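Chemist: Here is what each chain is made of, one letter per residue.
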Amino acid sequence: MRGIEKSIGSCPICHQLLDFSKEEDDGSAFRYCPRCGSEVYMRKKDSLQRSVALVIASIIFYIPANLFAMMHVHTFAGTESDTIISGIIYFFESGSYLIAFVILIASVVVPFIKMVILLYLNYSVHKGVCKSRQRRQKLYQLTELIGRWSMVDVYVVSIMIALVHFGAFTQIKAGAGAIYFLLVVILTMLAAMAFDPRLIWDGGNCKEEKME
Amino acid sequence: MGKRYICCHKCDEISEIPYPPRKGRYKCPNCGHTLFRNYPGMIEKLYAMSIASFILFILANYYPILTFSVIGKESSANFATSIEYLYLDGDYIMAIAVFMTTILVPFVYITLSMVLFGLLYHGKRALFMIPLIKILEEIRPWGMLDVFMVGTLVSIVKLVKMGDIHTGISFWAFVILIPILAYSHMIFDPHPVWDMIEESDGKKRR
Chain A
54 MRGIEKSIGS
64 CPICHQLLDF
74 SKEEDDGSAF
84 RYCPRCGSEV
94 YMRKKDSLQR
104 SVALVIASII
114 FYIPANLFAM
124 MHVHTFAGTE
134 SDTIISGIIY
144 FFESGSYLIA
154 FVILIASVVV
164 PFIKMVILLY
174 LNYSVHKGVC
184 KSRQRRQKLY
194 QLTELIGRWS
204 MVDVYVVSIM
214 IALVHFGAFT
224 QIKAGAGAIY
234 FLLVVILTML
244 AAMAFDPRLI
254 WDGGNCKEEK
264 ME
Chain B
595 MGKRYICCHK
605 CDEISEIPYP
615 PRKGRYKCPN
625 CGHTLFRNYP
635 GMIEKLYAMS
645 IASFILFILA
655 NYYPILTFSV
665 IGKESSANFA
675 TSIEYLYLDG
685 DYIMAIAVFM
695 TTILVPFVYI
705 TLSMVLFGLL
715 YHGKRALFMI
725 PLIKILEEIR
735 PWGMLDVFMV
745 GTLVSIVKLV
755 KMGDIHTGIS
765 FWAFVILIPI
775 LAYSHMIFDP
785 HPVWDMIEES
795 DGKKRR
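Here the protein sequences line up with chains A and B, keeping their order.
Counted from 1, the first sequence has number 254 at position 201 by my numbering; the numbering is strictly sequential.
Counted from 1, the second sequence has number 773 at position 179 by my numbering; the numbering is strictly sequential.
Hints may be right or wrong, so weigh each one.
Once the Cα atoms are required to be at most 16 Å apart in a straight line, the calculated EDC-like pairs of lysine to aspartate or glutamate come out as [unchecked claim]:
hint: 1; chain 1: B; residue 1: Lys728; chain 2: A; residue 2: Glu92
hint: 2; chain 1: B; residue 1: Lys718; chain 2: B; residue 2: Glu638
hint: 3; chain 1: B; residue 1: Lys604; chain 2: A; residue 2: Glu197
Everything labelled a hint here was simulated from the structure, so no lab data went into it.
Source: prediction; values computed, not measured.
Assemble the whole structure, with the sequences as input and the hints as a guide.
Modeler: Listed below in structure tokens is the structure:
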């Protein structure tokens, strides 16, 4: 049986089981864990609202992250500005297909997939969808795994800045796109952490109790 | 006590686990999420791993990771230098983010796990371990050293056409550090640690 049927909550930090049966509203009631003192909720507080808000914020930042330049390379020959997309094209044209692929996946595909998956999960829970729970569970685990890997581009920019620093003429500066991209990564990570996966398995209007 | 109950964090299903637990990995019957790992020697392995990580992390930060030379001029990069340049160029947000995810969080994580598992290994049980392990669990997602490694490799590919790249001792320390950290994350299970902390609480009550 499930914890929510018996009004049992579990502490996210120390996994202690707690009895919530005396609380009236099991949505926002919380108690302090007797073992570790953390706040324990039956379900994460305002999970859907926070998760959707963070995903929308990250979508808004995703647009300037791709439009503005990630870094500006100042050389004697002038200044070259690279966005994520132009960097990928550069790698393709110069023959480094593997790196182009890595950056394409990590910086363009991964954040986009994450946003789509999180929106889908939030929407399906909101509508009380009963089917394909196992699949949605796996999607959520995928989202949690891949989230941090979009930081690759940010780190590449910071390493390049540190390495290409010869005198006043040859240097690299970070562009606005890098900061927006960083915000996208952080916001999608927070959105995934705000979403409570247990909601996938909660009731809804199911006619049959069928676990897929 | 022959049994213990665990509530799955992913799907809220309550499962029974024999207590003391048999060796092996316990999965939630509903969603397949790993609930509990019981393999011998976890504390010893994590203690050894965290000491190794600590030494490697100090090494990786002290020496430059990459050295780049073009037409005789040379510059070197490290975790700290990249943050320094970001800060000097005025990109405070990026500097803080890179600092937190590559230096602060990993350092705190490695040091705290070294302290925690060292104390547990040497038989000490204490209540102040509770905030220790809480911090460990909460900051874990924000340590991104493995992503930094991939970033370093991408930078190498980018710059190898423009000049000479040399990988310093820090690079190799870093290369060894990543699998050690990954292995520590893999074998870590907080349940036995919480049991040990509770023991100390029981002793104090008597």
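Chemist: Take the hints in turn and mark each one as holding or not.
Modeler: Now for the hints, and whether the structure bears them out:
1. Lys728/B / Glu92/A: holds (12 Å)
2. Lys718/B / Glu638/B: holds (14 Å)
3. Lys604/B / Glu197/A: Roughly 12 Å separates the two Cα atoms, so the pair holds.
In summary, the structure agrees with every hint in the numbered list given earlier.
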